[in-house]
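Protein chains: 4
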Amino acid sequence: MSASPPAWTIAAQSPSRLGTVDVVTRFLKEQRCYITELNSFDDRLVERFFIRAEFRPEDDDFDVDAFSDAFASRADEFDMTFELTPPEARMPVVIMVSKADHCLNDLLYRYRIGQLPMDIRAVVSNHPDLEPLVAWHDLPYYHFPITPHTKAEQEAQVWRVIEETGAELVILARYMQVLSSDMCHRLAGRAINIHHSLLPGFKGAKPYHQAYEKGVKLVGATAHYINDDLDEGPIITQRVEAVSHADYPEDLVAKGRDVERLTLARAVSHHIERRVFLHAQRTVVFDR
Amino acid sequence: MSASPPAWTIAAQSPSRLGTVDVVTRFLKEQRCYITELNSFDDRLVERFFIRAEFRPEDDDFDVDAFSDAFASRADEFDMTFELTPPEARMPVVIMVSKADHCLNDLLYRYRIGQLPMDIRAVVSNHPDLEPLVAWHDLPYYHFPITPHTKAEQEAQVWRVIEETGAELVILARYMQVLSSDMCHRLAGRAINIHHSLLPGFKGAKPYHQAYEKGVKLVGATAHYINDDLDEGPIITQRVEAVSHADYPEDLVAKGRDVERLTLARAVSHHIERRVFLHAQRTVVFDR
Amino acid sequence: MSASPPAWTIAAQSPSRLGTVDVVTRFLKEQRCYITELNSFDDRLVERFFIRAEFRPEDDDFDVDAFSDAFASRADEFDMTFELTPPEARMPVVIMVSKADHCLNDLLYRYRIGQLPMDIRAVVSNHPDLEPLVAWHDLPYYHFPITPHTKAEQEAQVWRVIEETGAELVILARYMQVLSSDMCHRLAGRAINIHHSLLPGFKGAKPYHQAYEKGVKLVGATAHYINDDLDEGPIITQRVEAVSHADYPEDLVAKGRDVERLTLARAVSHHIERRVFLHAQRTVVFDR
Amino acid sequence: MSASPPAWTIAAQSPSRLGTVDVVTRFLKEQRCYITELNSFDDRLVERFFIRAEFRPEDDDFDVDAFSDAFASRADEFDMTFELTPPEARMPVVIMVSKADHCLNDLLYRYRIGQLPMDIRAVVSNHPDLEPLVAWHDLPYYHFPITPHTKAEQEAQVWRVIEETGAELVILARYMQVLSSDMCHRLAGRAINIHHSLLPGFKGAKPYHQAYEKGVKLVGATAHYINDDLDEGPIITQRVEAVSHADYPEDLVAKGRDVERLTLARAVSHHIERRVFLHAQRTVVFDR
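Residue numbers (full-length UniProt numbering), protein chains in the order written: chain A, 1 to 288; chain B, 1 to 288; chain C, 1 to 288; chain D, 1 to 288.
Hints were generated in silico from the structure; no laboratory data involved. There may be inaccurate statements among the hints.
Since copy identity is lost for identical chains, a pair holds within one copy or between any two.
Straight-line alpha carbon distances no greater than 30 Å define the calculated DSS-like cross-link-like pairs of lysine-lysine that follow [claimed, not checked]:
1) K214 / K203
2) K255 / K203
3) K203 / K151
4) K255 / K214
5) K255 / K99
Bear in mind the structure is a predicted one, so any value in this text is a computation, not a measurement.
Please build the complete structure, drawing on both the sequences and the hints.
Pasting the structure below:
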């Protein structure tokens with residue numbers, strides 16, 4: 001959630017091989033780009049390499065297309081995928097909600113003050129309740145009710161919004177519906193969910209009630225990419241809050257709201273700043 | 001920030017003396033009130049006793065006036081001051097702001113969903129900026145500009161709002177003006193300020209810039225009762241966030257927003273739930 | 001882990017019923033005992049009441065037996081069980097370990113400087129490795145090897161040490177053996193184990209390796225009373241530490257050491273100070 | 001406090017200039033060294049660049065002298081200072097203590113199990129108290145008493161030990177003496193002190209007593225490089241612990257022990273792993 005002047009960002013990953021750093025950093029030097037922040041990590045167990053650099057071109061006539069094309073051919077040699085992000089980029093986003101608005105309210109606030117460089121294209125819900133809040137922010141709200149018989153149809157409606165708005169990220173801000181396997185595949189790596197427990201503890205429904213039953217002394221939240229296996233997607237960030245015997249399930253729900261929204265906001269921020277790398281079932285997160 | 005069914009609360013303090021607990025608990029028993037949560041503490045260095053009980057009358061015809069009168073005479077013997085709060089009580093509150101709205105937005109959200117049992121009677125500001133947000137919540141907004149020459153006059157306007165609305169608590173949610181000594185006295189024990197540093201470190205202006213200069217690795221916020229001595233009032237709660245060399249002053253400001261609003265909300269919640277006791281320059285807080 | 005002058009402590013629990021607080025506090029008043037710290041809680045879901053008071057007799061000739069006898073008859077009316085602990089009491093303890101010594105070293109240090117008011121009567125292990133450390137503290141060390149065939153016999157040896165030393169608490173400080181169901185029953189409510197995960201996540205063996213596989217961003221430890229169902233006993237305290245993609249399983253093990261020893265030490269401290277109440281599968285902990 | 005297989009480390013800093021990353025990473029590639037972890041940061045306010053890389057030579061006949069000489073000439077062009085550290089390196093260390101042993105005990109434990117790759121050459125104290133603990137670890141203990149009249153002489157003795165043992169790092173593990181300005185200069189950048197407060201709050205003596213007076217709700221510790229200005233040296237790491245009204249000064253002292261030793265151990269670990277860069281009054285710490 002940086003307030004520093006935005007820089008260009010390049011984020012890349014590839015199989016491990018001598019020269020993976022050099023192919024990026026030498027190119028930046030040749031292109032007269034000054035690196036202001038750099039992180040790389042090699043996961044020796046899966047032999048995979050991850051790198052992220054923030055940089056600023058020294059010359060005024062920096063040509064992004066030329067840069068991108070030239071780098072692509074070098075990256076190719078290393079089977080390297082990369083993403084180049086200009087400063088001031090705002091990621092197009094669709095937010096999905098049900099009735100609870102603590103995460104939505106938080107995201108809208110950060111959006112409003114410019115703390116999250118995203119462009120909210122739409123808020124989609126299976127309930128009408130949160131329309132006034134969204135309307136006050138001058139954002140479109142789509143109410144697509146869902147019943148056991150209309151799930152496929154409703155998902156098609158949702159998908160149309162995602163496609164038509166050009167959303168690159170879908171945020172499930174306490175959207176209380178299970179997405180179909182097909183929808184999960186389409187959104188792989190670009191849909192973040194907030195689950196209200198420290199996964200893998202308390203998967204599934206009513207995690208705070210499960211936590212109460214077990215008498216745990218910490219509750220938490222997990223922001224993760226969705227995948228086919230419910231509540232099992234790659235974890236981006238987690239956060240906890242201390243609780244006590246005096247917290248009944250409804251107190252845990254109340255205490256959990258702050259944890260959930262902070263966890264989700266942080267994951268979204270990291271994703272937008274290209275600090276998160278997804279590989280198999282795990283993530284690499286270059287936090288700071 | 002309890003979501004449990006509200007109970008009656010009695011909060012009291014007195015000089016230390018044998019029987020201070022008993023005078024409260026025996027009375028509750030006699031009045032057929034069941035104590036669901038109880039905390040007491042005796043500060044041996046200043047010889048002062050503090051107690052807070054949540055209770056529920058067993059009988060339907062609980063008579064609060066009779067209860068209060070009867071207890072008053074017993075408390076008297078112990079020089080004990082006390083406050084009795086019914087369930088469902090909502091504390092009348094005035095919030096003061098300048099231009100930054102992260103704390104205000106947070107308080108309004110908690111108010112909206114009923115997480116803070118308060119009745120916001122007015123929002124007062126020396127700037128017009130936050131009126132739309134307040135108006136959306138259907139709350140009155142008073143814009144009282146301030147100049148070096150009109151400070152006394154402006155404070156009189158503010159005071160009139162506090163008096164006329166019957167506010168029992170004034171929340172300085174990043175109100176960037178120093179209150180006069182007179183105003184501080186009038187508001188003693190019922191005005192909570194949020195300072196954006198871990199007091200007593202970084203008093204005064206621009207604490208995040210001071211923190212940056214010192215190269216600290218944690219920033220924080222302090223919610224405290226105001227008093228005459230700026231940034232020196234009794235502390236209610238404090239909270240921190242880790243920061244790094246990569247956080248420039250503007251990043252600290254951004255990271256600090258979450259810490260500030262969580263710290264302020266918690267202090268306000270504790271105050272409203274009568275968990276905070278003020279004695280001399282320190283507080284007793286029966287957190288849970 | 002208080003360093004304040006120790007006081008008498010009374011800890012009690014009973015079914016919920018009008019007068020549960022009063023029966024304790026009125027008695028203390030009558031006995032001319034001044035209450036310095038008091039906590040009570042009523043669990044409305046199971047209708048059970050818990051109370052803990054620290055107090056100091058005002059008179060020099062305080063007679064503990066008379067006090068205890070007199071209170072017993074009153075407590076009886078409320079089906080109340082209670083425990084009375086004198087200041088300066090040191091709980092007799094047996095510590096069980098295998099080869100890892102981070103928890104043991106920590107407990108011995110706190111014991112050495114008097115931070116944990118316990119009297120370590122013996123350290124028991126299924127390995128000889130930690131004898132020198134224990135010997136340096138002038139404490140007896142029993143090495144009882146264990147094989148699949150000698151488990152019952154070994155447990156009998158352990159039990160004899162517990163009985164003969166009069167241990168009231170058994171601390172499983174990374175004792176890597178599963179206790180028999182019989183042993184668990186005998187030690188119910190007086191044996192604390194440290195599990196190196198945030199239970200109920202990652203039960204069983206190699207929790208840090210499980211955590212690595214899942215890619216969690218927090219690891220933790222859980223101190224709990226043992227019961228028949230492995231890793232399922234009532235939780236006393238939990239603690240976490242942030243981890244990252246760069247932490248391989250062996251790094252999690254290393255980072256976990258601090259979390260484990262702090263968590264265990266806190267649970268032991270709470271137990272010795274009679275801050276923990278056990279009821280069914282949950283605990284009430286009057287922390288401060 | 002990594003438990004991962006140690007790698008070679010190169011740590012460097014220089015004025016900001018195009019090519020600062022490339023001069024390091026290209027060289028590593030040319031030398032057939034695979035980078036497993038890399039961090040760089042450019043401080044735009046002071047225009048200074050910092051980089052740290054962990055790497056593993058691909059060839060068995062890696063020649064460190066050749067590597068070092070060759071890199072030196074390139075670094076020179078960039079006014080870059082650098083340090084090259086082999087895997088399995090153990091930093092020679094002298095620890096200074098007075099009477100309190102919580103930090104010493106912690107450091108010795110980590111040393112014993114190999115968690116801190118250091119070679120403790122001596123423990124120096126102005127008191128004899130901690131000799132047995134040190135002797136049990138088979139380490140030399142020097143008792144150099146100090147009086148107002150013998151301060152200079154005592155420091156000379158200490159200095160001799162530092163010199164003769166070849167210590168590269170001096171750890172002030174609650175050494176309760178103020179070092180002379182001269183000594184501070186000699187140890188600039190290679191002596192770490194633990195101060196028992198969140199600097200710059202509560203400088204000087206008895207910080208926990210100051211904290212109690214102010215009624216703060218958090219206490220903490222600060223590990224910093226010493227410099228001429230007491231309690232003002234560049235901060236490496238800080239940590240906090242929640243406290244309450246029930247904590248008297250002696251309780252804060254007790255609670256603070258854990259915070260102090262964890263904070264100091266982390267700072268020492270970071271220093272030894274060359275994760276800390278010192279520039280002017282601030283540090284850059286590449287934590288993970």
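Now for the hints, and whether the structure bears them out:
1. Taking the shortest Cα distances, K214 and K203 sit within 30 Å of each other both inside one copy (13 Å) and across copies (13 Å).
2. In the homo-oligomer, the alpha carbons of K255 and K203 lie at most 30 Å apart both inside one protomer (18 Å) and across protomers (26 Å), since each shortest distance falls under that limit.
3. Within a single copy, K203 and K151 get their C-alpha atoms as close as 22 Å, which meets the 30 Å cut-off; across copies the closest is 36 Å, which misses it.
4. Within a single copy, K255 and K214 get their C-alpha atoms as close as 17 Å, and across copies as close as 26 Å, so both meet the 30 Å cut-off.
5. Within a single copy, K255 and K99 get their C-alpha atoms as close as 18 Å, and across copies as close as 28 Å, so both meet the 30 Å cut-off.
Taken one by one, the earlier hints all hold for this structure without exception.
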